[in-house]
Amino acid sequence: MDLLNMSLRVIYADGKIGEIADKGAALEVYRHSASHLMAAAVSNLFPGTHLGIGPAISDGFYYDFEHAQGFAEADLAAIEAKMKELIDQNLSFEPSIISKDQAIEYFTQRGEHLKVELIQEKAGEQLSCYRLGDLVDFCLGPHICSTGLINPKSFHVLNIAGSYWKGDEHNQQLQRIYGTAFLTSEELADYLKQLEEAKKRDHRKLGRELDLFSISEEAGPGLVFWHPKGTRVRLIIEDFLRKELYRRGYEFVTTPHVARDVLWKTSGHYEYYRQNMYVFKIDDEEFVIKPMNCPGHIQIYKSQMRSYRDLPLRFAEFGTVYRYEKSGVLHGMLRVRGFTQDDAHIFCTREQVYEEISALMDLVLFIMNSFGFDQYKVELSVRDESKKEDYAGTEDDWQMAEEALTRSLRDRGIEWTRMEGEAVFYGPKIDVKLIDAIGRPWQLSTVQFDFTLPKRFDLSYIASDGLAHQPVMLHRALLGSVERFLGVLIEHYAGAFPIWLAPVQAVVIPISERHHEYARQVQKRLAAADLRVEIDDRNEKMGYKIRAAQTKKIPYMLVIGDKEASSGEVSVRNRFLGDEGAQPLESFLQKIQELVSARAAKP
RNA sequence: GCCAGCGUAGCUCAGCUGGUAGAGCAACUGAUUCGUAAUCAGUAGGUCCGGAGUUCGAAUCUCCGCGCUGGCUCCA
Numbered sequence: 003m004d005l006l007n008m009s010l011r012v013i014y015a016d017g018k019i020g021e022i023a024d025k026g027a028a029l030e031v032y033r034h035s036a037s038h039l040m041a042a043a044v045s046n047l048f049p050g051t052h053l054g055i056g057p058a059i060s061d062g063f064y065y066d067f068e069h070a071q072g073f074a075e076a077d078l079a080a081i082e083a084k085m086k087e088l089i090d091q092n093l094s095f096e097p098s099i100i101s102k103d104q105a106i107e108y109f110t111q112r113g114e115h116l117k118v119e120l121i122q123e124k125a126g127e128q129l130s131c132y133r134l135g136d137l138v139d140f141c142l143g144p145h146i147c148s149t150g151l152i153n154p155k156s157f158h159v160l161n162i163a164g165s166y167w168k169g170d171e172h173n174q175q176l177q178r179i180y181g182t183a184f185l186t187s188e189e190l191a192d193y194l195k196q197l198e199e200a201k202k203r204d205h206r207k208l209g210r211e212l213d214l215f216s217i218s219e220e221a222g223p224g225l226v227f228w229h230p231k232g233t234r235v236r237l238i239i240e241d242f243l244r245k246e247l248y249r250r251g252y253e254f255v256t257t258p259h260v261a262r263d264v265l266w267k268t269s270g271h272y273e274y275y276r277q278n279m280y281v282f283k284i285d286d287e288e289f290v291i292k293p294m295n296c297p298g299h300i301q302i303y304k305s306q307m308r309s310y311r312d313l314p315l316r317f318a319e320f321g322t323v324y325r326y327e328k329s330g331v332l333h334g335m336l337r338v339r340g341f342t343q344d345d346a347h348i349f350c351t352r353e354q355v356y357e358e359i360s361a362l363m364d365l366v367l368f369i370m371n372s373f374g375f376d377q378y379k380v381e382l383s384v385r386d387e388s389k390k391e392d393y394a395g396t397e398d399d400w401q402m403a404e405e406a407l408t409r410s411l412r413d414r415g416i417e418w419t420r421m422e423g424e425a426v427f428y429g430p431k432i433d434v435k436l437i438d439a440i441g442r443p444w445q446l447s448t449v450q451f452d453f454t455l456p457k458r459f460d461l462s463y464i465a466s467d468g469l470a471h472q473p474v475m476l477h478r479a480l481l482g483s484v485e486r487f488l489g490v491l492i493e494h495y496a497g498a499f500p501i502w503l504a505p506v507q508a509v510v511i512p513i514s515e516r517h518h519e520y521a522r523q524v525q526k527r528l529a530a531a532d533l534r535v536e537i538d539d540r541n542e543k544m545g546y547k548i549r550a551a552q553t554k555k556i557p558y559m560l561v562i563g564d565k566e567a568s569s570g571e572v573s574v575r576n577r578f579l580g581d582e583g584a585q586p587l588e589s590f591l592q593k594i595q596e597l598v599s600a601r602a603a604k605p
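Counting the first sequence from 1 gives a position; the working numbering is that position plus 2.
Take these hints with a grain of salt, some might be off.
Heads up, simulated DSS-like pairs for lysine-lysine below, C-alpha to C-alpha not over 27 angstroms straight-line [stated by the list, open to error]:
1. K155 with K86
2. K201 with K554
3. K379 with K25
4. K435 with K201
5. K245 with K231
Rather than coming from a laboratory, the hints here were simulated on the basis of the structure.
Using the sequences plus the hints, can you model the full thing?
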């Protein structure tokens, strides 16, 4: 990398030398070359290893190997050392173009059967290979010219993992080694720091430290126990949403957790979602623990004749669902087997679709903002135009839906990415991924059209023409699931919730025993104003109690001593800003109430 | 589910090649009554994830479970 010109010298498959000035493109080539370098190091250290693929990825690179014994964590340092050695030797990346037959013969002879498979699938009559030392790889290129261009301080071998060949669990499993590389050592250091920061914010760690939730081995994996403090936060979130949804014309409904198999046969879940459902038999009848709320809401829709005058109907529910997830994918609160969706289904006419979608987009943005997220990415998933027959719904349906979705995005000046072929079979959708405080995306809100359930359940309403018409159905979740959302909130705020969400908003800290009486008065006064206030009357020094409260990330500490007791004040310590000095209790109370109603993220 | 690693007190961890389990914090008791991130002293706390095996002897070695962690196409 020429740091002055910020361009990377690369060699293309045809042997031509070029410069890549675009930083993103340069980084990709650099990482790809680093992955080849790692493969060269691995082949060198572990003879008999065969190659899978080794691409650059969004924050580094990996290489998949077939290696009978597997690799151990302890091997990583040796691999990294060998890579540095190969950098010192300044090996060249040497491209060559050969015929497909030649390539197959060559790789077969070397025992690289995975490469042979790839060549047979991907290559044309001519294909390119790159040689790096003893490593020859089927590769499009380009690559950097030689290993000497890699800064030995700007890459790092990270971890090993199993991975299925082509990501298919029916294929053989390979050993994947992940690494990362940056153009400069500073960027690598930043990245590693970011990993550290993410570790500090880990909701599993903070969830325990702040006593918010736990997962019990005895009760089973993927099932969340909400502790009193976690439940406080949850109820605040739910109350906020409930109020807002009623305000926006939603009705709340409640549906059973268990239903006969027929319901799920009608909905199609029994056929297509069976592997994720908890099914059990009683009295020779089969029941399903609900994995979704839609069929339930549909029952309510169908409980009576609907007129176009009733529409739109917006049914909301904090619906707890259970889905069997493979044990290996479970992760704290973020990926669980039982969770509560902030779910809603909107039934409306085709004419109402645009307005409903628009209102939804406003709602999504309002909610995100309220919880302190101001950056997001929007993805519009549409069908694969070449496989229209794989999708439910008519041509008309898809056009109407897509047009409503794009128009409402455009109207609001929201930028979006169009994801071709990413739609589910039953309708197009918008997903909103919000970006947290350290730049990580989290997929939360989703708005989906459903062209299949209204048909399967034969939904209808009587229109002004006196005839029965089929309503349009929308699925929508804002937070996604309450469990996941709390996990994201914990990580976003690193456990320091905004005051309106904090399970404990203030702790009263009496300096000595003779201040307990006044401290209790303070607590009582604030509690009477609906603030969540605790009192730390343990026989400890003030510094100890402050430290304890800071560790619990409690927004305010109210120190009570002789001065305050006689003046009717409280000495306020802010968790971020420290000592703010004494002030009258009432003015503190007023300030807090303002922060709460503004849903301020800080202080 | 699969691959790799891990599982010792409530938490964070120590325990070398097999010889009978330890620290800090937290908890509890007492002393202390303290002014913005840890007062001192003492006490208690363990089926070393569960089970089987090897051995005179297992936290340590082997096997089988359970759980956790990282990962399982961002495609030459």
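Now for the hints, and whether the structure bears them out:
For the suggested pair K155 and K86, the alpha carbons sit about 9 angstroms apart, so the restraint of at most 27 angstroms is met. Straight-line distance between C-alpha atoms of K201 and K554 comes to about 17 angstroms, which keeps the hinted pair within the 27 angstroms bound. The straight-line distance between the Cα atoms of K379 and K25 is roughly 22 angstroms, inside the 27 angstroms bound, and the hint therefore holds. Using a Cα cut-off of 27 angstroms, the hinted pair K435 and K201 holds, with the two alpha carbons roughly 21 angstroms apart.
A threshold of 27 angstroms between alpha carbons decides the hint, and for K245 with K231 the separation of about 21 angstroms falls inside it, so the pair holds.
The structure shown violates none of the earlier numbered hints.
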